[in-house]
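Please put together the full structure from these sequences, using the hints given.
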Amino acid sequence: MPLRAIAYVSEASNSLTAERLQQLVMDAVLFNESADVTGTLLFDGTRFLQYLEGPEAGVNGAYKRILASTSHSGVVELNRGRVGRRQFPHWRMCCVRVDELVLGKIAISDWTGFVRSASALASSSSALDRLLSVTQSNVEGVASSALEPDGWVAR
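The working numbering applies: residue 1 is where the sequence shown begins, and numbers increase by one.
These are computed hints drawn from the structure, not numbers from a lab.
All values derive from a computational prediction rather than experimental measurement.
Treat the hints with care, as some may be off.
[As the list claims (entries may be wrong)] Label pairs and their calculated CB-CB ranges:
#	residue 1	residue 2	range
1	Asp110	Ala18	29 to 39 Å
2	Glu56	Thr112	17 to 27 Å
3	Arg65	Ser15	12 to 22 Å
4	Ser15	Pro89	28 to 38 Å
5	Glu19	Gly84	30 to 40 Å
Yeah, the Cβ is synthetic: ideal placement off N, Cα and C, and Gly gets one too.
This is how it looks when you write it as structure tokens:
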């Protein structure tokens with residue numbers, strides 16, 4: 001079964017509380033489990049950047065829920081397409097708090113084709129390379145006891 005992915009950025013609503021955000025993440029984890037969707041969500045306090053991957057029906061279902069959510073607005077799709085393999089196979093939704101400059105740099109990176117750089121020595125990193133690096137460094141930098149069952153990592 002071919003895998004699909006979607007990446008987007010959006011603005012958090014002014015009324016979004018930490019408790020509501022945590023509930024959204026928990027709801028996403030439950031939905032994604034049933035739809036076989038994995039991915040990551042970056043949050044800088046005012047903006048989101050999310051990458052979803054999985055079977056087409058699952059990704060489309062998750063994205064439909066995202067578009068209907070009142071917790072954010074101004075959704076800008078960065079890319080949508082077919083991917084060869086999962087980048088976040090073990091995370092139904094890994095959520096990471098990041099600095100606004102980090103999120104901005106990833107958002108303006110090259111999302112074309114969801115490609116990864118061919119070499120670690122490449123002069124420029126793709127958006128997916130940067131997203132993976134930020135997510136992995138935040139997850140690995142936190143003791144496993146600090147990880148919430150819903151995949152939330154505060155950093």
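**Report entry** glutamate 19 paired with glycine 84, Cβ distance criterion 30 to 40 Å
**Finding:** With Cβ atoms ~38 Å apart, the hint holds.
Query raised in the report: Okay, serine 15 versus proline 89 on CB: inside 28 to 38 Å?
Result: The hinted range 28 to 38 Å holds for serine 15 and proline 89, with Cβ atoms some 34 Å apart.
**Report entry** CB-CB spacing for serine 15 and arginine 65 relative to the 12 to 22 Å hint
**Finding:** 19 Å, holds
Query - CB-CB spacing for alanine 18 and aspartate 110 relative to the 29 to 39 Å hint - result: For aspartate 110 and alanine 18 the Cβ distance comes to about 32 Å; the hint holds.
Query - 17 to 27 Å as the expected CB spacing between threonine 112 and glutamate 56, which holds or is violated - result: This hint holds: roughly 20 Å between Cβ atoms.
Every hint, counting from the list given before, is met by this structure.
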